[in-house]
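Participant: Letter by letter, the chains look like this.
2 protein chains.
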Amino acid sequence: MQNILDHIDSGLNASLERLFAFLRIPSISAQPAHAHDCRLAATWVRDLLAEMGFTARLSETSGLPGVIATHHAAGPEAPHVLFYGHYDVQPADPLELWHADPFTPQLVEGPRGKRIVARGAVDDKGQVISFLEACRAHLAATGGLPVRLTVLLEGEEENGSPSLVELLQNERAALAADFVLVADTNMWNFTTPAITTSLRGLAAIEVTLHGPRRDLHSGLFGGIALNPAQALTTILGQMKDAAGRITIPGFYDGVAPVPPALARSWERLGFDAAGFLGDVGLHHPAGEATQGSLAQLWARPTAEINGIFSGYQGEGSKTIIPAEATAKLTFRLVAGQDPHKILDGFEQFVRDRLPADAAATFRRGGAAPGFAVSPDAPFLRAAQTALEAEFGTPAALIGCGASIPVVEAFKTHLGLDTLLVGFGLDDDCIHSPNEKFELACFHRGMRAQARLLSAFAGQEVQ
Amino acid sequence: MQNILDHIDSGLNASLERLFAFLRIPSISAQPAHAHDCRLAATWVRDLLAEMGFTARLSETSGLPGVIATHHAAGPEAPHVLFYGHYDVQPADPLELWHADPFTPQLVEGPRGKRIVARGAVDDKGQVISFLEACRAHLAATGGLPVRLTVLLEGEEENGSPSLVELLQNERAALAADFVLVADTNMWNFTTPAITTSLRGLAAIEVTLHGPRRDLHSGLFGGIALNPAQALTTILGQMKDAAGRITIPGFYDGVAPVPPALARSWERLGFDAAGFLGDVGLHHPAGEATQGSLAQLWARPTAEINGIFSGYQGEGSKTIIPAEATAKLTFRLVAGQDPHKILDGFEQFVRDRLPADAAATFRRGGAAPGFAVSPDAPFLRAAQTALEAEFGTPAALIGCGASIPVVEAFKTHLGLDTLLVGFGLDDDCIHSPNEKFELACFHRGMRAQARLLSAFAGQEVQ
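Protein chains in written order, with our numbering: chain A, -9 to 452; chain B, -9 to 452.
If you're looking for bench data, these hints aren't it; they were derived computationally from the structure.
Note that identical chains are pooled: a pair holds if it fits in a single copy or bridges any two copies.
Lysine to any residue pairs mimicking SDA-like chemistry, simulated, CA-CA at most 25 Å apart:
| no. | residue 1 | residue 2 |
| --- | --- | --- |
| 1 | K308 | F266 |
| 2 | K308 | T198 |
| 3 | K308 | A20 |
| 4 | K308 | C390 |
| 5 | K331 | H207 |
| 6 | K104 | E86 |
| 7 | K308 | H200 |
| 8 | K401 | H70 |
| 9 | K308 | G227 |
| 10 | K308 | Q338 |
| 11 | K308 | C419 |
| 12 | K308 | I238 |
| 13 | K308 | I394 |
| 14 | K104 | F10 |
| 15 | K308 | I236 |
| 16 | K401 | L210 |
| 17 | K308 | K331 |
| 18 | K308 | D269 |
| 19 | K308 | E398 |
| 20 | K308 | P395 |
All chains should be built: construct the whole structure from the sequences, respecting the hints.
Facilitator: Encoded structure:
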C-alpha cells in the first residue's frame, strides 16, 4: 500500500497536469454550442483510460456519449466495482465574477493551502481524475488493480441526465457489477471524510378542490356557499400535528428508526443546527419534535406544500368566493416507504375530509423511493476502513435529504446499490463562479481512493 | 288617497312619456364621451322638478353634478324625507345583443304583460320617475305633499360614486332629513313587494406569513425548516369549527340573533336554497349549521378567503419550501360588529397561532360596518302599511348580504338611516342587454310610492 501511496505523492504534479488538461476542455453539456467540446472531453478521457490499460470506448446515446472502460484483469474472484462520474460541467457564467478564465485552471493560494480553481475543478473532473490517478498508482506499483473495475462516465449530468436511462439500458450487460462507486459528494469537513449512506426519495402531487361553478360574489353568496380555499386550508392544516408528525394514515409505514450506532455517530458530528438554520433566517428545527435535527433532515420523511393558489392575487381586495383552490405538494421519502402508497394515502386523507359540495382532483408527479445503504454492507465497511486509514479519523456516515437521480437509476435499471464517497467541501462553489478543489483534498482524495480499491478486495490499507 | 291613485292611473301614459324622454338621454357616467348627455339628464330632471313646484338646482362637484330639489310646504311638523336616486346609467354594450336601440325606449309585450325596454328602464330612471310621478299625483290631487321632501339625484352611481362623499359634505345642511328613501332595489317577486332592512358591511385584510429568508430546497432543508405555506393553512384551517362557526375570539360580539318576527317572516318567504345554490353548482348551505339559509346569507357575518398564494404555481412541481405565504380575506359584517375590532381580532388570532420562526405582516383594506333598520322604526312600519295596502300582501322584509355604498355614506356623512324600497324584479337584466321594467311594476310602483308618502305622514293609505 505504501508503495502505491508513494507513487501518488511523487506523481502529484503529473496528476495535476492531467487534471488541468481535462479542465481546459469547456464541456458544458447544457449549451449546444459546446457539444463539440463535450465530445472532445469524452474522447480525451477515453484515450486517457486506454493509455492506462483499460479497454475504453464511447457509448453513443441520443444525446452525448457515455465513456465505458473496463479493467477486469483482477479475475472473477475479485469484487467488481462500477465507478461512476461525469465529464461534463456546469455553464461558467456569470463570467465577470470569475477571478480568472474558468477554463484556464489555476493553482491559487487559499486559507487551507493551494487550491485548484476552474469550472469542474471538483464537480466532477477533479473527483474523476482523483479516482483514475489512484488506479494509475495501483497499476504502476503492482501492475494491476485489486478489483475488477468498470468505469462509466456520463456527459449530461449537469443537464438533467436526459440519456442516462437509455445508456444504462443499452449497456446493461457491460455495466454488471457488485456495486457502484460514485465520486461526486463532499467530505464532512476539511479533516473528516464522509460516506453518504442515505438519500431521500420524492413523491409529488397536485390537489385541486372544486367548489362553485364560478367565482361567486362574496356578499351575495357568502355564508351559504362553500369556499374551496377555506376547505383546502382546513384539510392541509390538519396534515401535521402539534408535534410536527404527519397525520396521513400509514405515512410512516416501513420507516425504521435511525439505527442506534448511526444515531450516536450523528451526535458526534456536532451538527450546528442553529448555524445551518441561521444562514436562511430561521432558528428552530420545525420537524418532528421527537427527532434530532439531522434525523429531521436525513432520516425522516416530510410533507411540504411547495405552492398553493386560489382566487385573487392582485393588489387590494376582490370580494369573491373562488371556484377552486390548488396546492402542490412533495413528500420526501426515506427507505422503506412506497411512494405510490404515500400518494394513495394523501388522496384518501383529502377525500376523508372533503366537505359537502367540494370535489377533489389530483395530478401525480414523479415518485421515487428513498435509499439507504445497509450498515452491514461489505463495501461500506471497506470504505470506512480505507477512509479512517487515510484521514486518521472515522468517516462521517451522513445522509442527504435530497435525491441523487443517478443513484435511483442504478438501483432501478441495474439493481445496484451505490457507495457515495467524495472529497469536495461545502465551500467549493460548485455551479458558481470560482469553483475550486482544495489541492489537499485532491491529493488525499487520490490516496483515499487508492486505499478504497485495496479495501474492496480485502487487502491491507495501511 | 283614492283620488291620488286615480290621478296615477289616468295619467299612466303621460307618466310613461316623461319616463321615455328621460330614457332617451344616454347618460352613461362611465364614458367621458357621454359627459354632455349626463349634464343633459341632470338639467332635464332639474327642470322636471322645478316644473312640479320644487325648488331645484344642480350641485356641482369635481365630477358630475348632483340634482337637489326641495318641496317643504308641508311644514316643520311633517316628517322630512330625503329621496335618493341616480340619473346616470350603465354602458349599453354589447349593443348587438339588444333587440332595439337601448336609448330608444320600447313598450314590448312579455309574459307578464307590457314591459319598458331601455338602458335605465328600471336602474334607476324608471324607479326615480315612479317616485316623482307619485309626488305629481299628490300635488295634482291635493295641491301639496304630505311630507317635507328633499330629492337628491346622483350622476355617478354607475361609476363608483367618486364624488358622492364630496356632494354629501358640501350639501350637509341642505340634505338634513329624518331618513333616506332609496328606490334602487327589487321586489321579492312579481306579486310581493320587499323592503331591504339589512345590509352586510365589509372588512378586508391581507396576511403574509414570512418564513425562511428565501425559497429553500425542500430536500436539503425539508423537515427542519418552517414552511410558511403549511403554517398559513394550519392557521386559516382553524378559522371555522366543524359547525361552520368562526372561531376568531370576539368575532360574534354585538351580533344579535334574528328577531323572532323577522325569522318567521323569512320562513314564510319559502326561499329555495337548493335552487339558489344549484344555479352555481352547489347543493348544501355551507355556513353555520345552527342558522337557516337566509340567515346565513343576510344576518350572519362571514370570513372568506378571497385569495391565497405561495410558492410555485407553474406546471409540474418545484421542490421548494416557499419563503412566504399570503392570503387575502374579507369579512362580511352585520350590524353591531365593529369592523376595526374584527380586524384586530383576526390579527390576534393569527399571532396566537404563529409557529416559531414565522412572522406575520398585515395590510388592512376597506372597513365598513353592517346596517340594519330597527324593526320598530316608524318609517319601516309606515312602508309596510303602504305596501300591503297596494299589493294586498305583506312586504317581504329582506336582507342583502352585500353592501350598498350609498347607504353607508348616508349613515357616515349625514347620520341618516335608509329605507330601501324598490319595484324592480330579479330578471330585469340591469347592467345587461335588454334591461326592462315591467309596466305593471312601474304602475304599481307609482301607486305604492304615493301611499308611502301618505303613510310617512301618518295619513290613510287605503
